[in-house]
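Given next are the chains, with one letter for each unit.
Protein chains: 2
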Amino acid sequence: MAAPMQPTVRSGSSGLLLFAHGARDARWAEPFEQVAAAVRTAQPSRPVRLAFLEFMQPDLATAAAELAAEGCSRIDVLPLFLGAGGHVRKDLPALLDGLRARHPGVAYTLHPAVGESPRLVAAMAGIAVALRPDAA
Amino acid sequence: MAAPMQPTVRSGSSGLLLFAHGARDARWAEPFEQVAAAVRTAQPSRPVRLAFLEFMQPDLATAAAELAAEGCSRIDVLPLFLGAGGHVRKDLPALLDGLRARHPGVAYTLHPAVGESPRLVAAMAGIAVALRPDAA
Numbered sequence: 001m002a003a004p005m006q007p008t009v010r011s012g013s014s015g016l017l018l019f020a021h022g023a024r025d026a027r028w029a030e031p032f033e034q035v036a037a038a039v040r041t042a043q044p045s046r047p048v049r050l051a052f053l054e055f056m057q058p059d060l061a062t063a064a065a066e067l068a069a070e071g072c073s074r075i076d077v078l079p080l081f082l083g084a085g086g087h088v089r090k091d092l093p094a095l096l097d098g099l100r101a102r103h104p105g106v107a108y109t110l111h112p113a114v115g116e117s118p119r120l121v122a123a124m125a126g127i128a129v130a131l132r133p134d135a136a
Numbered sequence: 001m002a003a004p005m006q007p008t009v010r011s012g013s014s015g016l017l018l019f020a021h022g023a024r025d026a027r028w029a030e031p032f033e034q035v036a037a038a039v040r041t042a043q044p045s046r047p048v049r050l051a052f053l054e055f056m057q058p059d060l061a062t063a064a065a066e067l068a069a070e071g072c073s074r075i076d077v078l079p080l081f082l083g084a085g086g087h088v089r090k091d092l093p094a095l096l097d098g099l100r101a102r103h104p105g106v107a108y109t110l111h112p113a114v115g116e117s118p119r120l121v122a123a124m125a126g127i128a129v130a131l132r133p134d135a136a
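If you read the protein sequences in the order shown, they are chains A and B. If you count the first sequence from 1, position 127 lands on 127 in the numbering used here, and the numbers rise without skipping. If you count the second sequence from 1, position 67 lands on 67 in the numbering used here, and the numbers rise without skipping.
A hint or two may mislead.
Stated by the list, open to error - Using 25 angstroms as the maximum straight-line C-alpha spacing, the simulated SDA-like pairs for lysine to any residue come out as follows:
{"hint": "1", "chain 1": "B", "residue 1": "K90", "chain 2": "A", "residue 2": "Q57"}
{"hint": "2", "chain 1": "B", "residue 1": "K90", "chain 2": "A", "residue 2": "D25"}
{"hint": "3", "chain 1": "B", "residue 1": "K90", "chain 2": "A", "residue 2": "E54"}
{"hint": "4", "chain 1": "B", "residue 1": "K90", "chain 2": "A", "residue 2": "T109"}
{"hint": "5", "chain 1": "B", "residue 1": "K90", "chain 2": "A", "residue 2": "F55"}
{"hint": "6", "chain 1": "A", "residue 1": "K90", "chain 2": "B", "residue 2": "L131"}
{"hint": "7", "chain 1": "B", "residue 1": "K90", "chain 2": "A", "residue 2": "T62"}
{"hint": "8", "chain 1": "A", "residue 1": "K90", "chain 2": "B", "residue 2": "R24"}
{"hint": "9", "chain 1": "A", "residue 1": "K90", "chain 2": "B", "residue 2": "Q34"}
{"hint": "10", "chain 1": "A", "residue 1": "K90", "chain 2": "B", "residue 2": "P44"}
{"hint": "11", "chain 1": "A", "residue 1": "K90", "chain 2": "B", "residue 2": "E54"}
{"hint": "12", "chain 1": "A", "residue 1": "K90", "chain 2": "B", "residue 2": "S117"}
{"hint": "13", "chain 1": "B", "residue 1": "K90", "chain 2": "A", "residue 2": "R100"}
{"hint": "14", "chain 1": "B", "residue 1": "K90", "chain 2": "A", "residue 2": "A23"}
{"hint": "15", "chain 1": "A", "residue 1": "K90", "chain 2": "A", "residue 2": "G12"}
{"hint": "16", "chain 1": "B", "residue 1": "K90", "chain 2": "A", "residue 2": "R24"}
{"hint": "17", "chain 1": "B", "residue 1": "K90", "chain 2": "A", "residue 2": "G22"}
{"hint": "18", "chain 1": "A", "residue 1": "K90", "chain 2": "B", "residue 2": "D25"}
{"hint": "19", "chain 1": "B", "residue 1": "K90", "chain 2": "A", "residue 2": "L96"}
{"hint": "20", "chain 1": "A", "residue 1": "K90", "chain 2": "B", "residue 2": "P104"}
{"hint": "21", "chain 1": "A", "residue 1": "K90", "chain 2": "B", "residue 2": "R27"}
{"hint": "22", "chain 1": "B", "residue 1": "K90", "chain 2": "A", "residue 2": "M56"}
{"hint": "23", "chain 1": "B", "residue 1": "K90", "chain 2": "A", "residue 2": "L53"}
{"hint": "24", "chain 1": "A", "residue 1": "K90", "chain 2": "B", "residue 2": "A23"}
{"hint": "25", "chain 1": "A", "residue 1": "K90", "chain 2": "B", "residue 2": "Q57"}
{"hint": "26", "chain 1": "B", "residue 1": "K90", "chain 2": "B", "residue 2": "R132"}
{"hint": "27", "chain 1": "A", "residue 1": "K90", "chain 2": "B", "residue 2": "K90"}
{"hint": "28", "chain 1": "A", "residue 1": "K90", "chain 2": "A", "residue 2": "R100"}
{"hint": "29", "chain 1": "B", "residue 1": "K90", "chain 2": "B", "residue 2": "P104"}
{"hint": "30", "chain 1": "B", "residue 1": "K90", "chain 2": "A", "residue 2": "A29"}
{"hint": "31", "chain 1": "B", "residue 1": "K90", "chain 2": "A", "residue 2": "L131"}
{"hint": "32", "chain 1": "A", "residue 1": "K90", "chain 2": "A", "residue 2": "L131"}
{"hint": "33", "chain 1": "A", "residue 1": "K90", "chain 2": "B", "residue 2": "L53"}
Claimed, not checked - Which residues of chain A face chain B? A partial, calculated answer using Cβ under 8 angstroms:
{"hint": "34", "residue": "A42"}
{"hint": "35", "residue": "S45"}
{"hint": "36", "residue": "L60"}
{"hint": "37", "residue": "V106"}
{"hint": "38", "residue": "L110"}
{"hint": "39", "residue": "L120"}
{"hint": "40", "residue": "A135"}
If you are wondering where the hints come from, they were derived from the structure by calculation, not from laboratory data. For every residue, glycine included, the Cβ atom is placed at its ideal position computed from N, Cα and C.
Looking at chain A on its own, in the form it has when it is part of the complex (with noise of 0.2 angstroms):
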């Protein structure tokens, strides 16, 4: 017997949650924004939500519970903040141990926040350096 149709859950899929921190200011999701939208154009076929920890939403239970919908088993967690301080050393893995309960069937990957990269660090400096191109 054939299994039903599913034509909007790509089941075994592996989803992409970007998690920033969220500010009161709308201008503020811009980055994110574009991040995503990047990723979209990159790999068109990879499920990615965005999502926030205060003031902005969704929040991660609310984009992880759509990524899940999609029929995603594999979801990468990416936190988009400079710094590894408290929001990502401990609000984000205790958010994360909620979502494990809630989706015993998915399986989380916490990976570094991209401050932490130095991909994104030498981004940065590349910045700085380039703000006085002539300085020695």
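Based on these hints, arrange chain B on the given structure of chain A.
Same frame as chain A, now just chain B:
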């Protein structure tokens, strides 16, 4: 008549003030210290200071006073923030107004937050894409 020697003062030089949020967790500052170190490596004669809005030292006024004391007549202020919310749009301009009153001989240039740079957005997206390089 020759000008007096001032070996520790590079009068008229252009300084860089990297401005980050700060956090209670000391490890939080590491990416920002790495950015400062990378700029010093690339531009060893350019005076560079890292300052914080809260929780960490030095604050903006202290770091700016050090650059002025080093003879900087121009200071580029680069916010190491991913999003441009209230801290970048309101707190920082207010702090700069205070610095301008305190150091009238120094010209401060406030640059956009690094998160508003396409270069940084591309770096973050690249990190996200590389988590699943096989995703289409």
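Evaluation of the provided hints:
A hinted pair counts as satisfied when its Cα atoms are at most 25 angstroms apart, and K90/B with Q57/A qualifies at roughly 23 angstroms. Between the alpha carbons of K90/B and D25/A the distance comes to roughly 11 angstroms, so the proposed pair stays at or under 25 angstroms and holds. Proposed proximity of K90/B and E54/A is supported: the alpha carbons are some 20 angstroms apart, at most 25 angstroms. Taking the CA atoms of K90/B and T109/A, the gap is about 36 angstroms. The hint is violated against a cut of 25 angstroms.
Taking the CA atoms of K90/B and F55/A, the gap is near 18 angstroms; set against the 25 angstroms cutoff, the hint holds. With a C-alpha separation of about 22 angstroms, the suggested pair K90/A and L131/B falls inside the 25 angstroms cut-off, and the hint holds. The straight-line distance between the Cα atoms of K90/B and T62/A is roughly 31 angstroms, outside the 25 angstroms bound, and the hint therefore fails. Taken as a hint, the K90/A and R24/B pair is honoured in the structure, with Cα atoms around 13 angstroms apart against an allowance of 25 angstroms.
Distance hint between K90/A and Q34/B is fulfilled; the C-alpha atoms sit about 23 angstroms from each other, no more than 25 angstroms. Distance hint between K90/A and P44/B is unfulfilled; the C-alpha atoms sit about 37 angstroms from each other, more than 25 angstroms. Taken as a hint, the K90/A and E54/B pair is honoured in the structure, with Cα atoms around 20 angstroms apart against an allowance of 25 angstroms. At most 25 angstroms may separate the alpha-carbon atoms for a hinted pair to count; K90/A and S117/B exceed this at roughly 29 angstroms.
For the proposed pair K90/B and R100/A, the alpha carbon gap of about 39 angstroms is over 25 angstroms, so the pair is violated. Between K90/B and A23/A the alpha-carbon distance is near 13 angstroms, which keeps this suggested pair within the 25 angstroms criterion. Restraint check for K90/A and G12/A: not satisfied, since their Cα atoms lie roughly 29 angstroms apart, outside the 25 angstroms limit. About 13 angstroms separates the Cα atoms of K90/B and R24/A, which keeps this hinted pair within 25 angstroms; it holds.
Between the alpha carbons of K90/B and G22/A the distance comes to roughly 17 angstroms, so the proposed pair stays at or under 25 angstroms and holds. The hinted pair formed by K90/A and D25/B meets the criterion: a straight-line CA distance of about 11 angstroms does not exceed 25 angstroms. Simply put, K90/B and L96/A have alpha-carbon atoms about 33 angstroms apart, too far for the 25 angstroms limit, and the pair is violated. This hinted pair does not check out: K90/A and P104/B have alpha carbons roughly 43 angstroms apart, beyond 25 angstroms.
For the hint linking K90/A to R27/B, the alpha-carbon distance of about 13 angstroms falls within 25 angstroms, and the restraint holds. Restraint check for K90/B and M56/A: the C-alpha separation of about 19 angstroms stays at or below 25 angstroms, so the hint holds. Distance hint between K90/B and L53/A is fulfilled; the C-alpha atoms sit about 22 angstroms from each other, no more than 25 angstroms. Between the alpha carbons of K90/A and A23/B the distance comes to roughly 13 angstroms, so the proposed pair stays at or under 25 angstroms and holds.
This hinted pair checks out: K90/A and Q57/B have alpha carbons roughly 23 angstroms apart, not beyond 25 angstroms. This hinted pair does not check out: K90/B and R132/B have alpha carbons roughly 38 angstroms apart, beyond 25 angstroms. A C-alpha spacing of about 29 angstroms is found between K90/A and K90/B, which places the hinted pair above 25 angstroms, so the restraint is violated. For the hint pairing K90/A with R100/A, the CA-to-CA distance comes to about 16 angstroms; that is within 25 angstroms, so the pair holds.
For the proposed pair K90/B and P104/B, the alpha carbon gap of about 21 angstroms is at most 25 angstroms, so the pair holds. Taken as a hint, the K90/B and A29/A pair is honoured in the structure, with Cα atoms around 17 angstroms apart against an allowance of 25 angstroms. Restraint check for K90/B and L131/A: the C-alpha separation of about 22 angstroms stays at or below 25 angstroms, so the hint holds. Between the alpha carbons of K90/A and L131/A the distance comes to roughly 35 angstroms, so the proposed pair goes past 25 angstroms and is violated.
Among the hinted pairs, K90/A with L53/B is consistent with the structure: their alpha-carbon atoms are about 22 angstroms apart, no more than 25 angstroms. A least Cβ separation of about 5 angstroms between A42/A and chain B falls short of the 8 angstroms threshold, and the interface hint therefore holds. Of the supplied interface hints, the one on S45/A holds, with its beta-carbon coming within about 5 angstroms of a beta-carbon of chain B, less than 8 angstroms. A distance limit of 8 angstroms between C-beta atoms decides the matter here; for L60/A the minimum to chain B is near 16 angstroms, and the interface restraint is violated.
A distance limit of 8 angstroms between C-beta atoms decides the matter here; for V106/A the minimum to chain B is near 15 angstroms, and the interface restraint is violated. Restraint check, L110/A versus chain B: the minimum CB separation of about 11 angstroms is more than 8 angstroms; hint violated. Interface restraint check: L120/A against chain B, minimum CB-CB distance 5 angstroms, threshold 8 angstroms, status holds. Annotation: A135/A was flagged as interfacial toward chain B, and the flag holds, the nearest CB pair being 4 angstroms apart, inside 8 angstroms.
Checked against the numbered hints above, the structure breaks hints 4, 7, 10, 12, 13, 15, 19, 20, 26, 27, 32, 36, 37 and 38 and satisfies the rest.
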